[in-house]
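Throw the hints in and build the complete structure from the sequences for me.
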Amino acid sequence: MIAYSYIERNLRALDSRYRSPKTSTRDANFVSKLAMLELCGWIEVSMDDCILRASIRVLKDEGNRRRLEEKVLRNYGFEYERHFKSMMIQVFGLWGFGKIFRSVDATIAARFSSELGRLKTKRNTLAHTYTPGVTEEYDAPSAALGSFAIVKSGLQAYDSAIRKHF
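For the sequence shown, this note's numbering assigns the number -12 to the initial residue and increments by one for each residue that follows.
Since the hints were made in silico from the structure, they are not lab data.
DSS-like cross-link-like pairs, simulated, lysine-lysine; straight-line CA separation at most 27 Å:
#  : residue 1 : residue 2
1  : 151       : 47
2  : 109       : 58
3  : 9         : 20
4  : 151       : 86
5  : 58        : 72
6  : 72        : 47
7  : 86        : 139
8  : 72        : 107
9  : 86        : 47
10 : 109       : 72
11 : 47        : 58
12 : 72        : 151
13 : 86        : 58
14 : 109       : 20
15 : 151       : 139
16 : 139       : 109
17 : 139       : 72
18 : 139       : 58
19 : 139       : 107
20 : 20        : 139
21 : 151       : 58
22 : 107       : 20
23 : 72        : 86
Here's what the structure looks like:
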């Protein structure tokens, strides 16, 4: 099962801090940026956890599990194709991935993949830009909460499909 209560609690706390009348514009920007980075970090860890738990059920050879674990630990990112799907194919093969993919509701899968792509772009912008003297524009933490709901739904759907078939 995908653990999500702590990240949801953190995002809600950041949203509350953002909305506080005592929060300065500068602090609001920091809180907004932190909410997005927290969310993206949770996504990456949750994907890794989903893959590693599945590998215990599927890969019976300890050496193969160890090799997969090393690959997962060197995997930095949360893009659908490049990270999540490729790791799933390493565990289940193309046939197994196809079986899992067909079990996930098409709308959930499409929203999940699309949201991951959108978040990747957002995260890169936040993590790799700094322009002194320019007013930054960040989404409120409530936007991270909205993205969280979409990603949580997708991760849970894939996790359930994995458990159903493997």
